[in-house]
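Kindly generate the complete structure, drawing on both the sequences and the hints.
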Amino acid sequence: MRLTRLLVDAFKAIKRAEIDFGPGLNILYGPNDLGKSTLATAVRAALLVPPSSAEAQTYTSWFGSDSPHVELTLVDPDGHFWRVKKTFGTSSPSSAELLHSKDSITFTQDCKARQVEEKLRAILGWGIPAPGGKTGPRGAPTSFLANALLATQTNVDDILQRSISDDLDDSGKLRLTKALSALAQDPLFKEVLGIAQREVDLFFTETGRRKRGQFSRFKEADDKVKALTTELGVLGRQLEDSSAIEKEVNDLREARSLALARIDEANAHLTVVEGRCKNTAARIEVADGIAGAKTALAGIDAEINRLNMVTLELETLEESVKKREDVLAFADTACHKAEAAVHAAEEAHRIATSEDSERERELRRAQLSERVSDLTAKLLALGSRKTEIDAGINARNDAKQAQNAVNSAKATLAQALKNREHACEEVQAGAIELEVARAIVAFIRWRVSLSAIEEATKARDSALSATTEADNKDIEAAALEKKAGKTELKLVKLSESFPSAEQSNALLQLERDLEKAEAALGGGITVAVRPSAGVAIRAGIDQQPSVDVEISKNRTFEAERTMRLAIADLVEVDITAGSAEKRKAVEALRARWRDEVLPIFSKAKVKTRVEIEDLVTALKRDQLALTEQKSTVERLRAEARSLREQAKIHEERAGAGTIALEDVGTRKSAIGAHEVQSLEERYRKAGSPPESKAELRHQELSKEHRALQDELAACEQSVTMAEYQLSEAQKRATELAAQRDAKVSAFQSMDLDALQSQVGEQLLSLQREQAETALHMQSLAAEASSEGEKTQSALLETQEAHRIAKERRDHAFATLGASRVDCSVRRGALNEIRAQVEKLDRNAAVLLVSQREAELAAFPIETPATLVDVESARSNVETANREHNRVKEELNMKEGALSKVGGAALREEVERIEEARVAAETHERELEVDADAWKLLRDTLREVENDEGAHLGRALAGPVTTRFEELTGGRYRGLRLDAALKSEALEATATSTSGDQVLDALSVGTRDQLAVLIRLTIADQLKSTIVLDDHLVHTDPARLLWFRGMLQRTAVNTQVIVLTCRPEDYLPHEGLLIDTQIHDAAAGTIRAINGALAIKCWEP
Amino acid sequence: MTAAGEDDIMLKLLHTADWHLGRLFRSFPEEGALKLSRARLEVLDRILLTADRYAVDAVLCAGDLFDEPNPSKVWWEPAAAKLRKHSSSKRPIFLLPGNHDPLIADSVWAEGHKFRSLLPEWIHVVDRDNFEYILANGAVLYAVPCMSRAGQRDPTDFIPSRAAGDDRIRIGMVHGSTFDAKDWQTNFPINSDAVLNRGLDYLAIGDTHGFRFVPTHREHPPTIYPGAPEATAFDEKDPGNVAVVFFNRQRVATVRQERVARWTWEERKITTLDDLRDLVRRPDLDDRVLRLRINMQVAAPEYDEAELLLDELQGTAARHARVGVLDLDRQGLELETATVDQYCVDLPDVLRSAVTRLKSVAEDPAQRLVAERALFHLYRSSKRRKAS
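Sequence lines, in order, name chains A and B. Taking the numbering used here, the leading residue of the first sequence gets -14, the next gets one more, and so forth. Taking the numbering used here, the leading residue of the second sequence gets 3, the next gets one more, and so forth.
These aren't lab readings, by the way, just hints derived from the structure by calculation. Take the hints with a grain of salt, since some may be wrong.
The calculated DSSO-like cross-link candidates involving lysine-lysine, where the alpha carbons are at most 30 Å apart (straight line), are [what the hints assert, rightly or not]: (1) B:K37 / A:K211; (2) A:K605 / B:K75; (3) A:K728 / A:K308; (4) B:K385 / A:K163; (5) B:K116 / B:K87; (6) B:K87 / A:K209; (7) A:K371 / A:K385; (8) A:K232 / B:K239; (9) B:K385 / A:K196; (10) A:K615 / B:K116; (11) B:K75 / A:K615; (12) B:K361 / A:K920; (13) A:K885 / A:K211; (14) A:K592 / A:K478; (15) B:K75 / A:K211; (16) A:K653 / A:K678; (17) A:K175 / B:K361; (18) A:K605 / B:K116; (19) B:K37 / A:K204; (20) A:K385 / A:K403; (21) B:K116 / A:K885.
Quantities reported herein were computed from a predicted structural model and do not represent experimental measurements.
Spelled out as structure tokens, the structure:
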């Protein structure tokens, strides 16, 4: 640390002071009571004293009400400038402010108030903790180092007796340990620490940060990683573009293959659909044919059934006719017999006209006649009964047959009803399925619309994003372009002021020639000036700036090659080393330099050729940067163009969404009352088919539904027919049952068949008895010829019997005739039906049905197709063709772009650079580990050393002892300091007095000198400013002279500020004491500050 | 493969590709990277000497001869010089632009480029799609250059099919990827049946860096990748060759694989100190490009020895490296910290205290690596200083 500037206002006896310190030895001189010590106090106040502390009260101005104010500017070891401003409030509030600067010109506030002390103490590292808290110092803070570096006039014992262990924190001890570590350690430890320190120095700055400057290892490794990363970034972007194009090309190739496959597929599908459509039409035709043939066959079968029924009826009628013929034959026989009996009776009557016989015969005839009448009555009754029984049996059979027909019709109707019910169920199920299929189609279309809208939204977003990004890139490009334009203009102007390459070469050659010529001059000039009185001389040594000096006695000036002495503005003498010829050559070259080179330097506004080279290098670097900027602009513009094209594509895609948006409502309503969730589930279960497939399914179901409806209609027709037949059969059965009941009712529950047989037998028996009776009557007639009346009666009876028989025969004949007419009518009808049936070819109809059914079966099992399907398939072919053309066109475009990209070569390059980057990063990590390891080792060694602590005393005692021995001419040696730097002992040469006694026995002056040496050594080791305030007041001139040299040597590395009233003790010669506030000497390493001019102090 | 009888030989060719002149090996240390870059130039001499030795009728160089289209002069100038130097027989040499060095404006193959002017008249640059050249005994060469870094066009499509009655030896030369190669779709895809489709007796191709028959069954006339004459990466299979091709009167080509490389690329993983000692004793390391991965934990003295052996392998400022080119990953070399203090008993207390402290730091996993290294530095520095 070193101080650069101090400004003091209204501080104790000082009204105002403003001092700029030099980097080396600063001798601030002035008479007593000028305020020099107050300045030292001001420095301490600026660095250590909080403005609100009690200590600040002692700073009150002697002049008036202004608050004491101090501003101190200092530089830390890293080259950072800090300016502390403190106002110690008396009339105005206290304040503190710390400002920071990197260039000592522009300061910015770093902190203020209490933080100022905290920050300052951290920067100083003097073992003073931050104010406040338990460990914070109260009042004026102090520490071992604060005391050593800023001690007041009267504190010699504080230096010799103070212990660093008394410090409130370890920062001072650590700092000092660090600084002194190289001075006194175990040799091996020291060497290892030295190695570690050297390695650490290679890697780290003094403040412990990694060295990132030029030529540092980290920079080299980091630069390599950064360069590779940058390159990788550039190539990576190129590769992304390249890969994107390659991917697009590959995708488009695949898309083209897919499109071709889709065309083939669509064509194949079209062919299939066309075939199916043809087949469907043919099938419909065949199915219609089958229906027609079946209808015809059913008609034929109905006619045949009718024929059979009529035939059956005819057979029944014929059987009835036959029976009636038998009845007629029997009645006819009875009639003939009765007629014969009439004839016999007439004969008997004729014979029996005599009286006796007539009477006997009459009696017998009466008996027989009675018998005949009885038999006739019985016969009639039995005949009637038999007729009734026959009619009942017939009626029963007819009724039974009709009932069978009714049952058959009922069964047919039941089957038809069942068929209709089944068909109805199928139609209903089909309708539901059809509706669901329709809803799924609508659902898919709705989803497609939603997807399209979603896609469109995304596309719109993408378009917007791409447009925004493109705008940003354009803006960025424009800004960069503008910047590049300015830079280019500047570079053009700048390059115009630089020499050409040829000029540069000539310039370099001239410079080398000049250097050679000057070197050839040799060197060594000594000029002795012996003034007779004090004279002002301006001396210019070699190429150094001239220095004004006042001399009053002999003075020697020395130079290597040239010297210019101007004596009191009277004469100016140029002295040059070397022979005349060589000097001439040098002068000639210098003249050339002035004529040829300086104009170039002037034009380029530089002073040396190296500066030009640096500027040219900088110019080239700027030009490179400009080129990079331009390429960046181009890249940004290209990216923006690409983004806009992308945005256009996205917008076109988004346009499709508008149509979808219009459709979505309609499509949603087309779903109907179905729940979307349920449809979604059904859709998923169906394997998420595309719309075309779902539509196809809907059409199939629709056709199936229509077929089912047709089938239902047929079933209903069958039911109607069966109902009609049942009704007819029931009507007939009712009629016949009524007839049967009417005819059978008389027989109650008797067995008609048995009764018929019994009646038949009785009838035959009576007929036989009647015949026998008739024979008896005939024999009686023959016997009783005389018995006219009997025979007459018999005759009448036979005539009556004959009449009855005749009536029966007539009735039978009439009944037979009616039956025969009925039979004839039926037969006619039968013949008519048969003739019709014979005209019908049932086999042909059956054959036709079989043929049609075979034809139908011959059709392949496939989904039916309509012309709509064919149109749809054709549309698919056209869509596939359009898609293929689009993909092909796009592919052609992308293939063109492909030839511009990096491809596999770029990919390999990126892989290699990536590998190199990994290697570089690994190397960097290894370097970091190694650096950290060295730092850890160094820090560990120091910690160990610090903990042991013994080194500090040894480290400091060594150089102090050496200097003290030199100062005292070997009188003292072996200074011993303890671990806390407290002085323990001092050995005196040639005496056996103990070290501690020697130390106590030292004179005031020598103790003062020893204290100053310790302080200087500490400052020297810490490279930190030391303020010496009127020290060495008890030192003799010889030792003062030694100290003067010592201070000058120390000031080479460390800033030393001496406040003194005896400047001649420190300044090299009194010539430096001139009437200016500041005067620098010895190449600026010594600065004389005239306190009388710098300080305005209180005057009574 | 044995060559046909000498009397029966109608034509002899040397087929090479993928020189990649100008390639940088940036994952290697600087010196090694330079050696590997230079190796690409040095192998040209061996390729051309092989051509001399077999007295071939022509040399076919099937693309990627430079690593980029416009390489530095330091590559094309010596390349041209070497081609001139070995051209005493004036046998034709055919240089084909590949996907790394496509024939584009301002490329090294462009008409006005100085490289072209340095080539003698018997060295031909294939600079058009319909390149055709009549070789010895009427054999004909068709060659198609790459004119961009990527492309989907099969370059053999430009080679005319064999006309009826044409019984000449027909040779094709292109650069690209056969369908079994990575990224073939956009890297000038070459149909695997091109040799049959075009009626060729030999198809010379370049791109893949290993020697390879395409397809491997060898039933067709050969399609050959000769590979890079010097390897460019560790994962390349069978690099470092050229193909010498003999054609008999029946136009049957016989291919001989000839090694021309100096460098052999090898990867090793070392897990014991004995393995490392054995490796250092190997006599063949001079011509090795060795990727060495160390993965072992050793006690302090062995760690020191391992470091010395690794120094020997990779060389130091004072000592020549044993390995030609070394890519060393030593991150797996770990110090056995548990025993380190037993090797430090003869050190001063203060150093032993430091050892103890560093051991405790090494117990923190986050600090282990750094602390181990610090321990090693302490061990090595103190031992060496003590010894000296």
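Margin query: Hinted pair, alpha-carbon criterion (30 Å max): K75 (chain B), K211 (chain A). Please report holds or violated.
Written below: With Cα atoms ~27 Å apart, K75 (chain B) and K211 (chain A) stay inside 30 Å; holds.
- prompt: Is the straight-line distance between the alpha-carbon of K885 (chain A) and that of K211 (chain A) 30 Å or less?
  reply: 28 Å, holds
Task: Pair hint K653 (chain A) and K678 (chain A), alpha-carbon separation not exceeding 30 Å - done: 19 Å, holds
Are K37 (chain B) and K211 (chain A) close enough, with their CA atoms no more than 30 Å apart?
-> 24 Å, holds
#### Entry: Distance restraint between K232 (chain A) and K239 (chain B), which requires alpha-carbon spacing of 30 Å or less
Answer holds: K232 (chain A) to K239 (chain B) is near 28 Å, not above 30 Å.
Exercise. Straight-line Cα separation of K605 (chain A) and K116 (chain B) no greater than 30 Å?
Worked result: 26 Å, holds
Given the hinted pair K175 (chain A) and K361 (chain B), is their alpha-carbon gap at most 30 Å?
Measuring from Cα to Cα gives roughly 21 Å; hence the hint holds.
| request: Take the C-alpha atoms of K385 (chain A) and K403 (chain A), compute the straight-line distance between them, and say whether it is at most 30 Å. | output: 27 Å, holds
For K87 (chain B) and K209 (chain A), compute the direct alpha-carbon distance and say whether it is at most 30 Å. Not OK: K87 (chain B) and K209 (chain A) at ~38 Å, beyond 30 Å, violated.
Would the pair K385 (chain B) and K163 (chain A) pass a check requiring their Cα atoms to be no farther apart than 30 Å? 24 Å, holds
Could you grab the alpha-carbon distance between K37 (chain B) and K204 (chain A) and see if it respects the 30 Å cut-off? 25 Å, holds
30 Å limit on alpha-carbon distance, applied to hinted pair K116 (chain B) and K87 (chain B): 18 Å, holds
Of the numbered hints listed earlier, the single one contradicted by the structure is hint 6.
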